[in-house]
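Peer 1: Position chain U against the provided structure of chain G, taking the given hints into account.
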Amino acid sequence: MKHEYSRADIEAHLLGKGSDEERGALAEALIVDLDLHARMQEIECEQLDALARGELTAVEAAAWQGFLEETGQLDRLRVARAMAAKMRPRRRVLWWLEIAAAVLLLGGGAWWWMGIDRRPEPVLFAQRASLTLPRDITRGTNTGLELTIAKDITEIELQFEVSAEPASGYRVRVLNASGVAVLVREGKGWPATPLRMVLPATEIPSGRIRLELMALNLQGQESPVAFHEVRVVKIDK
Amino acid sequence: MEKAQFDALLARLNTDPDRAAQLYEELRQRLIRYFRWERSAEPEDQADEVLNRVARKLAEGEEVEGVERFAAGVARVLMRESLTRVRRRELALKKMVLPDREPPVDPDALACLEGCLAKLGSDQASLILRYYAGRGSTHNVVRREIAEELGLEINALRNRALRIRERLEDCVRRCLRKLCDDLPVQDTKF
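Chains G and U supply the protein sequences, listed in that same order. First residue of the first sequence? That's 1 in our numbering, and the numbers climb one at a time after it. First residue of the second sequence? That's 1001 in our numbering, and the numbers climb one at a time after it.
Bound-form chain U, shown alone:
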């Protein structure tokens, strides 16, 4: 994406450059999830391609009423262009295979989780464990209690929990990768 095109896109998102950059990143993340949910093999690349096309149209002076709606339309076109929907149907046919026996709890993952929860701090760690504990209607009761304690609307609490969970999952993934990288390499002779 050329700088002029990128600037045109940011200017349409918000007049404040910082806020515009934040909205750009949020839109990109939503597009990535959209493509992932549509079983795209390259959700990041496709999200970037949508933003490129939107920026190019804006720089060319195309009349666009809402950038996000326009981006959604481009994303759908891009999906039709790709073969991922065909792939989705193929995979759906294979789905009815029963999953393997659930493996026992992974001590590495548990250790990484403990470390990452500690990094989050006790308030956020406690919030995330309480938020996702329980099931069904228990969820709603507990979440209403937490929202009341924190003086938050339930939707604001949900968004906060989602952000913390993303950070936690990312931390555990990095920790597990690091454990894997730190494994000693066997001196093998061929």
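Just chain G, with the same shape it has in the complex:
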């Protein structure tokens, strides 16, 4: 009787798991059963794509990257990453902020044009912009984010939606386009999602930056949780 293999069975086989007997039975079926063979190829491609798109947990990513190395297929990851980049939609997280800013500018212009001086007193408290880094892209590197910082914005609130295991602490690093860390912040404990962090806008450089969220263990050693590449535009309005 033909044995039905689940996706989990196939993934486990590819990752080198299972007893000799289990592996032997599936291995024989792989050569004889064309449909099973094609399913395994397809699952291999899908896991490769998930790895390239940064959709796997750190442990899964390590396992599948190990699989590619052991099977001499690491070069496929380069192609899969290019495919992921080709298919990735451009995200404009703060599009609503830009629209709101445009509406405000138009409105302000209209008041000025009408010669009515109703401009408010200068704001003395911090003007804050918020950048949400969603859960589904917290693993791997997300490269499609843009942050527009208007002149009066003094603080940037980062909101990392995290799904990693709790850790003793966390560290957020901001790297400039040259890969130099320009800002490092740490916190103790592992807060509930989203992890919020407020940074001074003046310390966020323009251009392409990288935000790194690392989990810290008791010894202060880091493990990666989320990487985001963000294009920062500062405007004088």
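To be clear, the hints were calculated from the coordinates, so they are not data collected in a lab. A few of these clues could be false.
[As the list claims (entries may be wrong)] No more than 30 Å apart at the CA atoms, straight line, and that leaves these computed lysine-lysine pairs for DSBU-like:
id, chain 1, residue 1, chain 2, residue 2
1, U, Lys1057, U, Lys1003
2, U, Lys1057, G, Lys86
3, U, Lys1178, G, Lys86
4, G, Lys86, G, Lys234
5, U, Lys1119, U, Lys1178
6, G, Lys234, G, Lys151
[Said to hold, decoys possible] To spell it out: a stretch of chain G is covered by chain U in this simulated footprint if at least three of its residues, at any positions, have a beta carbon under 8 Å from a beta carbon of chain U; those stretches are:
id, stretch
7, 41-51
8, 70-82
Quick reminder that beta carbons are idealized off the backbone N, C-alpha and C, glycines included.
Peer 2: For chain U alone, coordinates are given in the frame of chain G:
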């Protein structure tokens, strides 16, 4: 492999020589993947060795019920003979090292991909990008839509997508190799 042995193997695969040659190549590719998935250091050589042994047995007149099943048995024996399984276990222990930070998108790979997609033609390029876009259950929905549009069974679509992807990956690899070969050699004095 001697010609008589090769002919004996082809004759067992199919009476039509062309079809037999195609089945031989498909079986060889499956064997290569099998050995690769088993972490063999030389999957091509081992696949050829399996086919050699099968052909020799057939030429010697050994009773074989199904060539593919017989080849699968020989492949397993060959795996046991090799040290690759020991290697697999050793490697499994090293696997829990977290991967390096994901590098940024490689502009060379992206340029090669664009060129290779153009070579595939718009129909196949669009098919492959749609087929592998999305994740989880989105995959199934999109794939059912594509299968309906093309009037194909879902398995036939999968096999077509796998073939296109293999060609695409092969094209990108060759393109990247060519870029590497075309790099100017520095005139270095030792």
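Peer 1: State for each hint whether it applies.
Peer 2: Tested hints:
This hinted pair checks out: Lys1057 of chain U and Lys1003 of chain U have alpha carbons roughly 14 Å apart, not beyond 30 Å. With a C-alpha separation of about 49 Å, the suggested pairing of Lys1057 of chain U with Lys86 of chain G is violated against the 30 Å cut-off. As the CA atoms of Lys1178 of chain U and Lys86 of chain G are separated by approximately 21 Å, the hinted pair is consistent with the 30 Å bound. For the suggested pair Lys86 of chain G and Lys234 of chain G, the alpha carbons sit about 27 Å apart, so the restraint of at most 30 Å is met.
A distance of roughly 16 Å separates the Cα atoms of Lys1119 of chain U and Lys1178 of chain U; the hinted pair therefore holds under the 30 Å criterion. Distance restraint check for Lys234 of chain G and Lys151 of chain G: the Cα-Cα separation of roughly 7 Å lies within the 30 Å cut-off, and the hinted pair is therefore satisfied. Remark: the stretch 41-51 of chain G is confirmed as covered by chain U, as 6 of its residues place a Cβ nearer than 8 Å to a Cβ of that chain, reaching the required three. For a cut-off of 8 Å, the count of residues in the stretch 70-82 of chain G with a CB near a CB of chain U stands at 10, and the three-residue condition holds.
Hint compliance for this structure: hint 2 alone is broken.
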